[in-house]
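Q: Chain by chain, the residues:
2 protein chains.
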Amino acid sequence: MTPRLFTPGPVPILPKALEVMSHPIIHHRSTDFIQVFSEVREGLKYLFDTQEEILILSSSGTGAMEGTVLNLCSPGDEVIVVRAGKFGERWGQIAQTYGLKVIPLDISWGEAPTGAQIEALIKKYPTVKAIFLQACETSTGVDFPIEEIARFTRTQDLLLVVDAISYLGVSPLKMDEWGIDVVVTGSQKGLMLPPGLSFVALSKRAWARQKTSTLPKYYFNFSKELKAVLENQTAYTPAISLILGLREVLKYYKAEGKETIFRRHKKYAQAMREAVKALNLELFAKNPSNSLVSICVPQGVDGKKIITLLRDEYQMTIIGGQDQLKGKIIRIGCMGYVGAQDLISVFEALEKVLKTLGANIPVGKGVEKLKAVLGKER
Amino acid sequence: MTPRLFTPGPVPILPKALEVMSHPIIHHRSTDFIQVFSEVREGLKYLFDTQEEILILSSSGTGAMEGTVLNLCSPGDEVIVVRAGKFGERWGQIAQTYGLKVIPLDISWGEAPTGAQIEALIKKYPTVKAIFLQACETSTGVDFPIEEIARFTRTQDLLLVVDAISYLGVSPLKMDEWGIDVVVTGSQKGLMLPPGLSFVALSKRAWARQKTSTLPKYYFNFSKELKAVLENQTAYTPAISLILGLREVLKYYKAEGKETIFRRHKKYAQAMREAVKALNLELFAKNPSNSLVSICVPQGVDGKKIITLLRDEYQMTIIGGQDQLKGKIIRIGCMGYVGAQDLISVFEALEKVLKTLGANIPVGKGVEKLKAVLGKER
Numbered sequence: 007m008t009p010r011l012f013t014p015g016p017v018p019i020l021p022k023a024l025e026v027m028s029h030p031i032i033h034h035r036s037t038d039f040i041q042v043f044s045e046v047r048e049g050l051k052y053l054f055d056t057q058e059e060i061l062i063l064s065s066s067g068t069g070a071m072e073g074t075v076l077n078l079c080s081p082g083d084e085v086i087v088v089r090a091g092k093f094g095e096r097w098g099q100i101a102q103t104y105g106l107k108v109i110p111l112d113i114s115w116g117e118a119p120t121g122a123q124i125e126a127l128i129k130k131y132p133t134v135k136a137i138f139l140q141a142c143e144t145s146t147g148v149d150f151p152i153e154e155i156a157r158f159t160r161t162q163d164l165l166l167v168v169d170a171i172s173y174l175g176v177s178p179l180k181m182d183e184w185g186i187d188v189v190v191t192g193s194q195k196g197l198m199l200p201p202g203l204s205f206v207a208l209s210k211r212a213w214a215r216q217k218t219s220t221l222p223k224y225y226f227n228f229s230k231e232l233k234a235v236l237e238n239q240t241a242y243t244p245a246i247s248l249i250l251g252l253r254e255v256l257k258y259y260k261a262e263g264k265e266t267i268f269r270r271h272k273k274y275a276q277a278m279r280e281a282v283k284a285l286n287l288e289l290f291a292k293n294p295s296n297s298l299v300s301i302c303v304p305q306g307v308d309g310k311k312i313i314t315l316l317r318d319e320y321q322m323t324i325i326g327g328q329d330q331l332k333g334k335i336i337r338i339g340c341m342g343y344v345g346a347q348d349l350i351s352v353f354e355a356l357e358k359v360l361k362t363l364g365a366n367i368p369v370g371k372g373v374e375k376l377k378a379v380l381g382k383e384r
Numbered sequence: 007m008t009p010r011l012f013t014p015g016p017v018p019i020l021p022k023a024l025e026v027m028s029h030p031i032i033h034h035r036s037t038d039f040i041q042v043f044s045e046v047r048e049g050l051k052y053l054f055d056t057q058e059e060i061l062i063l064s065s066s067g068t069g070a071m072e073g074t075v076l077n078l079c080s081p082g083d084e085v086i087v088v089r090a091g092k093f094g095e096r097w098g099q100i101a102q103t104y105g106l107k108v109i110p111l112d113i114s115w116g117e118a119p120t121g122a123q124i125e126a127l128i129k130k131y132p133t134v135k136a137i138f139l140q141a142c143e144t145s146t147g148v149d150f151p152i153e154e155i156a157r158f159t160r161t162q163d164l165l166l167v168v169d170a171i172s173y174l175g176v177s178p179l180k181m182d183e184w185g186i187d188v189v190v191t192g193s194q195k196g197l198m199l200p201p202g203l204s205f206v207a208l209s210k211r212a213w214a215r216q217k218t219s220t221l222p223k224y225y226f227n228f229s230k231e232l233k234a235v236l237e238n239q240t241a242y243t244p245a246i247s248l249i250l251g252l253r254e255v256l257k258y259y260k261a262e263g264k265e266t267i268f269r270r271h272k273k274y275a276q277a278m279r280e281a282v283k284a285l286n287l288e289l290f291a292k293n294p295s296n297s298l299v300s301i302c303v304p305q306g307v308d309g310k311k312i313i314t315l316l317r318d319e320y321q322m323t324i325i326g327g328q329d330q331l332k333g334k335i336i337r338i339g340c341m342g343y344v345g346a347q348d349l350i351s352v353f354e355a356l357e358k359v360l361k362t363l364g365a366n367i368p369v370g371k372g373v374e375k376l377k378a379v380l381g382k383e384r
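So the protein sequences, as listed, match chains G and R.
Every position in the first sequence, counted from 1, becomes a number in our numbering once 6 is added.
Every position in the second sequence, counted from 1, becomes a number in our numbering once 6 is added.
Just so you know, these hints were derived from the structure itself, not from any lab.
The beta carbon of each residue, even a glycine, is placed where N, CA and C say it ideally should be.
Hints are not guaranteed to be accurate.
[What the hints assert, rightly or not] Within a straight-line C-alpha distance of at most 30 angstroms, the following computed DSBU-like cross-link-like pairs (lysine-lysine) qualify: (1) 223(R) / 107(G); (2) 223(G) / 332(R); (3) 233(R) / 223(G); (4) 230(G) / 107(R); (5) 223(R) / 233(G); (6) 92(G) / 334(R); (7) 223(R) / 223(G); (8) 223(G) / 230(R); (9) 135(G) / 223(R); (10) 230(G) / 223(R); (11) 217(R) / 107(G); (12) 210(G) / 311(R); (13) 217(R) / 92(G); (14) 22(G) / 283(R); (15) 107(R) / 233(G); (16) 311(R) / 230(G); (17) 92(G) / 311(R); (18) 107(G) / 107(R); (19) 311(R) / 223(G); (20) 135(R) / 310(G); (21) 217(R) / 223(G); (22) 230(G) / 22(R); (23) 233(R) / 310(G); (24) 332(G) / 223(R); (25) 375(G) / 264(G).
[Stated by the list, open to error] DEER-style ranges, computed between Cβ atoms: (26) 40(G) / 112(R): 27 to 35 angstroms; (27) 237(R) / 26(G): 30 to 38 angstroms; (28) 286(G) / 8(R): 57 to 65 angstroms; (29) 129(R) / 105(G): 17 to 25 angstroms; (30) 9(G) / 363(R): 48 to 56 angstroms; (31) 114(R) / 153(G): 57 to 65 angstroms.
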C-alpha cells in the first residue's frame, strides 16, 4: 500500500508539482525565474480573487502571521483576536509578544464567531486597529463567516486580517469583493504543495497602515517584498523549487477553474459529514469547514489508537485533536490533491478500525452514504 | 545543452536529494518524520563539527541571521559588525533595525579582517557583547580567518557569531574545537539543496545568553525550537521535502567523508584561480574562498555581457558583483554538486565569451591550467 496523507496539512501534492520539484533549479535572479514569478503572480491574484499583489515568503504560515502583525501594528495598538481554537490563540500570542493590547473574543472550541459578535465588540472598543481571525480554524474544523464579518469591518477604520491557511484553495474567498484587508496562507494546505512557502495579500488600506507601523522587522519587511514583487522577484532567496511547483498548481486551478475545485471540495466534505452521521458518530464542528471533518471520538474508544491503527494497518495518516482536544476528536482532511476514491478508502479503513476498537457503529453504512453523496465525483 | 548553475547559491542539487523531493511527503508529527529528523540531527552535528544541537528553520539564510540577532541580543547591546561586503552590511542592518549599538569594522571589499584587528577592537570596546561576521563573504569571494579570530574571542565574555552560509559544507569549520559561539547556514550553498531551509547552532555560552535576551521573537524563537529538536521535531511546520532531501545530502557527506569533499572543493577553487591567472586576468579576492572565485572584469569588457552571453550561448549561469561591485567582477561558484568536468566546461565557455567581447586573453591557457591542476579529480 502507498502511504496516504489525510491530515489537514500537509496534504497530498499535485503530481505535476512533485515532478517539477525534481528538476534542477534555476537562479532566483535569472530571466527564467522572472518569467516563472510573473506567471505565479497572476495565478495567485486569480486564486485570492484580488487585484492586489501577493507577497511570497519563505517560511511556514506562522512566519507570515508574525510578519503580518509586525507590518500592520505599532506598540500599544488595540486589536481584537478571535480565539476559537489553537490558531486563534496563536494570533493572540504573537500580538502579545509585540506589546499589543489584545481584546480577546473567546469562543468555545468547535464554534465560530458571528458578525453580530464582532459588530458589538467594535462598538464597545471604537479605537481598535485590527481584527485577527481564521477563515478556517484548523484545530476544530470550523469555518468562520468571513463575508458576513467583513460587512461590519470594511466600513470602519480597522483592518480585517484573515488567516486563510487551511482555507484558501478549498473554498471561495473573495478578498476584494468582500472587503478583506489581509489574507494570509501557506503552501501545504489548499495549494497542494509541500510546506515552506507562505503568502500575504494586503488591501490598499492595509498598505497605507503598513507605512505607519513602527514594529521592527527585517526578514518579514513587507514594503521590501512589495518592491521586489513589482520586479517579479523576492527580497531574499526564495524556496525556488516550491515556487516552480506553485506554478504548476496555479496552472491546474486555472485549467479546472477554481469554482469547480471549490465545488468538489464542498461535496467531499459534505459526503464525509453525512458518512459520519450514518455511522451514528458525532461531528465536532458547529459550522463545519470544507477543508476537513472533525469527528468526536466515540465513548470508550481510545482516540490515539484510531490514529495508530490507521497508520500501522492501512498506511493512512489522519490526526487527532490539539491541546484541550487531545484524544477527544479525530480530524480527516480533504485538502490538497485528494479524490473521491481516497475518501472512500479512508472511511473503509476507519470503519474497520473503529469496530476493532469496540465502537458500536453500523459498519458499512458510512461508506455507503459517502458513495451515495459523492456520486460520480472522481 | 542542459542549463547549469555556477552561481554562489543556489547551486546544483545532489541527484539523490532531487529524487526524494519528488516523492509524496510525510507528516511532520509522524513517527516516520521523527526517524528522518533524528538522522538529520546527527548528520548536521557531524558537518558542523559540534556536540551542540542544530536548529532547522524554514526561511532563507537572512531569516536565520535575523533570528540569531533576536535571540542573542537585548536593546542597546554593543556589537561589533565586520563589514567587508554585502552580507557583513546585512548583519549591520539587522542589528540597527533592533536598536543595537553597532561598532563597525569596515574592511575594503575584497579583503578580510585579521585576528589582530578584532583583538584591538575588543580592547577598545570592552563592553561589546558579540561579534557578527562571515566565514565567507559571498559578495567578494573572500574567506575570513575564523579559527584565528576565535582565538581572541573565546577567552572573552563576548560571542563570536559566524554566518557560514556560503562556507559550511565546502571548507572545514570546527565549531567546538575553534570555539565559535554561533554558526548560521542555509540549504542552498554547500549543502547542495534548494533554498528554503536555514540552520543555526549555538554554543553553551550562546544558549546562556539566549536566555537573557529581551528582543521580542515568535517564529524565530530559539528556545522553542530547541525544545522541539530534542523531540526530533520543529516548532512549526517545516519545509518537509527539503528535510527529506537533506537526509540524502548528509548521508552523502558521511559516505564520502567530509574531509574528502572539503579537499575536492579546495582543489576546484585552486584550479579556477590558477586558470584565471593563466588567462592574465586578475583575481578580486585577497584571501580567496574555496566556495567561489571572483574575477575582475578586464578593462574594456562589459561585465554584464559576459554573464548574458554565457547564459544565452552556453546555458550557464554565473553572476556579477553586487552593489558597489556591479559590472566590476564576475563570480563563479564551485559549491554544491559540481564536478571537474563542469568547471572545465564553464572555463571553456568563459574563454570564448571573453574573446568575443574583445578581451586580450591567451585562449586555451585557462582550461589547460585548470585541467593540469584538477588532474584526476572527477
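Q: Now tell me, hint by hint, if it's right for this structure.
A: Hints, verified against the model:
1. 223(R) / 107(G): holds (17 angstroms)
2. 223(G) / 332(R): holds (27 angstroms)
3. 233(R) / 223(G): Given that 30 angstroms is the threshold and the Cα spacing comes to 25 angstroms, the pair holds.
4. 230(G) / 107(R): holds (23 angstroms)
5. 223(R) / 233(G): holds (25 angstroms)
6. 92(G) / 334(R): violated (53 angstroms)
7. 223(R) / 223(G): holds (10 angstroms)
8. 223(G) / 230(R): holds (20 angstroms)
9. 135(G) / 223(R): Roughly 22 angstroms separates the two Cα atoms, so the pair holds.
10. 230(G) / 223(R): holds (20 angstroms)
11. 217(R) / 107(G): Roughly 25 angstroms separates the two Cα atoms, so the pair holds.
12. 210(G) / 311(R): violated (40 angstroms)
13. 217(R) / 92(G): holds (26 angstroms)
14. 22(G) / 283(R): violated (46 angstroms)
15. 107(R) / 233(G): holds (28 angstroms)
16. 311(R) / 230(G): holds (28 angstroms)
17. 92(G) / 311(R): violated (54 angstroms)
18. 107(G) / 107(R): Satisfied, since the Cα-Cα distance of roughly 29 angstroms is no more than 30 angstroms.
19. 311(R) / 223(G): violated (36 angstroms)
20. 135(R) / 310(G): violated (48 angstroms)
21. 217(R) / 223(G): holds (21 angstroms)
22. 230(G) / 22(R): With a Cα-Cα distance of about 35 angstroms, the restraint between residue 230(G) and residue 22(R) is violated, given a limit of 30 angstroms.
23. 233(R) / 310(G): holds (23 angstroms)
24. 332(G) / 223(R): holds (27 angstroms)
25. 375(G) / 264(G): Status holds; Cα separation ~26 angstroms.
26. 40(G) / 112(R): 27 to 35 angstroms: holds (33 angstroms)
27. 237(R) / 26(G): 30 to 38 angstroms: About 33 angstroms separates the Cβ atoms of residue 237(R) and residue 26(G), which means 30 to 38 angstroms holds.
28. 286(G) / 8(R): 57 to 65 angstroms: Roughly 59 angstroms apart at Cβ, these two residues keep to the hinted range, so it holds.
29. 129(R) / 105(G): 17 to 25 angstroms: violated (38 angstroms)
30. 9(G) / 363(R): 48 to 56 angstroms: holds (54 angstroms)
31. 114(R) / 153(G): 57 to 65 angstroms: Taking Cβ atoms as reference, residue 114(R) and residue 153(G) lie about 59 angstroms apart, which means the hint holds.
This entry does not satisfy hints 6, 12, 14, 17, 19, 20, 22, 29, going by the numbered hints stated previously.
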